[in-house]
Amino acid sequence: MIQSLTIHHFRGIREGVIKNLRAINVLIGPNNSGKSALLELLYLGGLSRRTCQLITETIEPPVHAATTLVARDFLSYAPTERLRRRHGYAVRETDFFLIDLDKEQLREYP
Amino acid sequence: MIERIIIHRFRGIRQGHIDRLRKVNLFIGPNNSGKTALLELLYLSATCGRPAIFIREDLLPDETGTLPARTALAHDFSGHPPFQRLRQRHGKRGEWKDNPATLTRERGIAVRLDMLKNDVRGPDAPWAEFRLEPPLPEWGEKDIYAFEQTDLSQIALFSLPQPKALDVSMIPATFAEAGIQPGDADWHYLWEPDWVYRWNLQHPLDRLAVWTTHGSKPDPARVLFYDTIAASSHLTTSFAQWAYNTVADWHEDIANCMAQIFPSLKEATIEVADAPDNQPGRTGYVRFRGQTPLGIDQFGDGARQAFKLIAHFVALAATVDESHPGMVLWEEPEVFQNPATLGRLLDVVVHLLKDKPIQVFITTQSLEVIAHLTRMLQRDILPPEQTLAFRLNLRDGVLRSSWFNRNNLTSWLESGRDPRVLEDIDAPLQFQLREEVHEDSSLYGG
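Chains as they are written, first to last, in numbering that gives the first Met the number 0: chain A, 0 to 109; chain B, 0 to 445.
Misleading hints may appear alongside valid ones.
Stated by the list, open to error - Residues from chain B that face chain A, not an exhaustive set, calculated with beta carbons under 10 Å:
1. 231
2. 233
3. 261
4. 263
5. 278
6. 282
7. 294
8. 298
9. 301
10. 302
11. 305
12. 335
13. 337
14. 379
What the hints assert, rightly or not - Label-pair ranges, simulated between beta-carbon atoms:
15. B:255 / A:62: 49 to 57 Å
16. B:419 / A:63: 48 to 56 Å
17. B:258 / A:10: 16 to 24 Å
18. B:273 / A:12: 25 to 33 Å
19. A:8 / B:92: 39 to 47 Å
It is worth saying that the hints were derived from the structure and are not from the lab. Since the structure is predicted, the reported quantities are computational estimates derived from the model, not experimental observations. Beta carbons are placed, not taken as given, at the ideal position from N, Cα and C, and that holds for glycine.
With the sequences and hints as input, model every part of the structure.
Here it is, written out as structure tokens:
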């Protein structure tokens, strides 16, 4: 379970911390207070389940274990495509990096 | 101004009527009580403004076989084809491929009602065929009303504005019983089965949705349907171009309104420009001095919704006059809005539309909307004699309504009861005028 978030420069949020997250969390607040931004951030975070390696040229050590977005979410949408559409953008061809889910066995339905 | 509607088989409504429509009308009621259906019906009625001639060969032309008619405009105020938009709202394709219509030699449309997909349990179509011919152009003018191939997958409706007479095959029995005369009203006929109440087909006319509107319609080109989908789509280029060229200070007016709704935008200017990524349409960009502009779609949903609404409302308010009255159909103003923002949004909109010849229809599920508008009535910001709330009720396909004015609404809210959740419209409510309820239900025998 995610228990806290620390945010740096995500959408309208320059920085922020949210703690004490529980099994069920209700976000309320005025318009443009970051409710949907938090949902989107959790969405991206939750879908970042594809293992990869982050290679950095200038930082030691140069290889880090990392994860990046899976190709499809639970409803079978491509995550970045979905969020980009939500915000009135077109989907660019560079957004597609199709991965065979069955091969990767990333789709873990409960 | 449309004052009254009588309905025969439109969507979930088998029959029903609504009277006493005012300049500002608020529709409340449970889910599936017909609120949105009424908005759609008003939208189709009001955008039915393209002239044509209705011809039935099986009737004598000088009696009822040839009548002046109207059909759907190619584009509504915001630049969308009316039928395409409504079909897509209901999860369908925008085009109706099975329309039993063909182009005639005179560039009209011939519709074979007997070719409508036939339900074996239903009766035959009320008449076999009719045509909608374009009116003859003036000498030397271009034939702007001639129909084209693309119209065939769009047009499914015609209206007869106050016909001098109507053949009996075109008048639903309930209308005849209620004593509605042809010349009293604009008569609408919709033949796409998806829009027709589908159960219990008994009479030939049951295969069509038929309704009348009484009173005068707005200018068909000034009908704004602001539904809950509009927030997440871009403005059409045709609308944005027209508004920019027609409305002086369009951008400035939008920015002023937005600053009133969202105080944090006070220092910002707003421009409408091409949507990102070479997409069709335009959208808003907010610019603070010395910073790169930020697309409105990057803001929260409340701000996006408000921007797109305001962009349309400002343009409509600036371009109506007594000879070009407008209509606003606004679905659920509360969507995405924090109650504080919602109050300011309603204030701004009422200020924009007030004193303009615009008839307004609002559907809502929100107690905040009802309460805020009631407060505006109490302070005479909204004229009490021009405003009514209608509580709709749809049972067994029969649409009924009871209406509430400033006093009713006030006692409603003061009594601490929630007007939205009362289950039974027939139960006498303490503040409801009984004789009025009786009169409202009398058309179909209560």
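Right, here's what the structure says about each hint:
1. At about 7 Å, the closest approach between the beta carbon of residue 231 (chain B) and any beta carbon in chain A falls short of 10 Å, and the interface hint on this residue holds.
2. Hint status for residue 233 (chain B): holds, given a least beta-carbon distance of 6 Å to chain A, under 10 Å.
3. Hint status for residue 261 (chain B) relative to chain A: holds, with the closest Cβ pair at about 7 Å, below 10 Å.
4. The interface hint given for residue 263 (chain B) holds, since its Cβ lies 7 Å from the closest Cβ of chain A, which is under the 10 Å cut-off.
5. Evaluation of the residue 278 (chain B) hint against chain A yields a held restraint, the C-beta minimum of about 5 Å falling below 10 Å.
6. Nearest Cβ of chain A to the Cβ of residue 282 (chain B): about 6 Å, under the 10 Å cut. The hint holds.
7. Below 10 Å, beta-carbon pairs count as interface contacts, and residue 294 (chain B) has one with chain A at about 7 Å; its hint therefore holds.
8. Here the hint on residue 298 (chain B) is kept, as its CB sits about 6 Å from the closest CB of chain A, short of 10 Å.
9. Restraint check, residue 301 (chain B) versus chain A: the minimum CB separation of about 3 Å is within 10 Å; hint holds.
10. The beta carbon of residue 302 (chain B) is positioned within 10 Å of a beta carbon in chain A (closest approach about 6 Å), and the interface hint is therefore held.
11. With a least beta-carbon distance of about 8 Å to chain A, the hint placing residue 305 (chain B) at the interface is held under the 10 Å criterion.
12. Here the hint on residue 335 (chain B) is kept, as its CB sits about 7 Å from the closest CB of chain A, short of 10 Å.
13. Here the hint on residue 337 (chain B) is kept, as its CB sits about 5 Å from the closest CB of chain A, short of 10 Å.
14. Look at residue 379 (chain B): its Cβ only gets to about 29 Å from chain A, farther than 10 Å, so that hint breaks.
15. Here the CB-CB span from residue 255 (chain B) to residue 62 (chain A) is close to 55 Å, well matched to the stated 49 to 57 Å.
16. Take residue 419 (chain B) and residue 63 (chain A): their Cβ atoms lie about 55 Å apart, and the range 48 to 56 Å holds.
17. Judged by the Cβ atoms, the range 16 to 24 Å given for residue 258 (chain B) and residue 10 (chain A) holds: they are separated by roughly 22 Å.
18. Roughly 28 Å separates the CB atoms of residue 273 (chain B) and residue 12 (chain A), a value that falls within the hinted 25 to 33 Å.
19. A beta carbon spacing of about 42 Å between residue 8 (chain A) and residue 92 (chain B) agrees with the range 39 to 47 Å that was offered as a hint.
Checked against the numbered hints given earlier, this structure breaks only hint 14.
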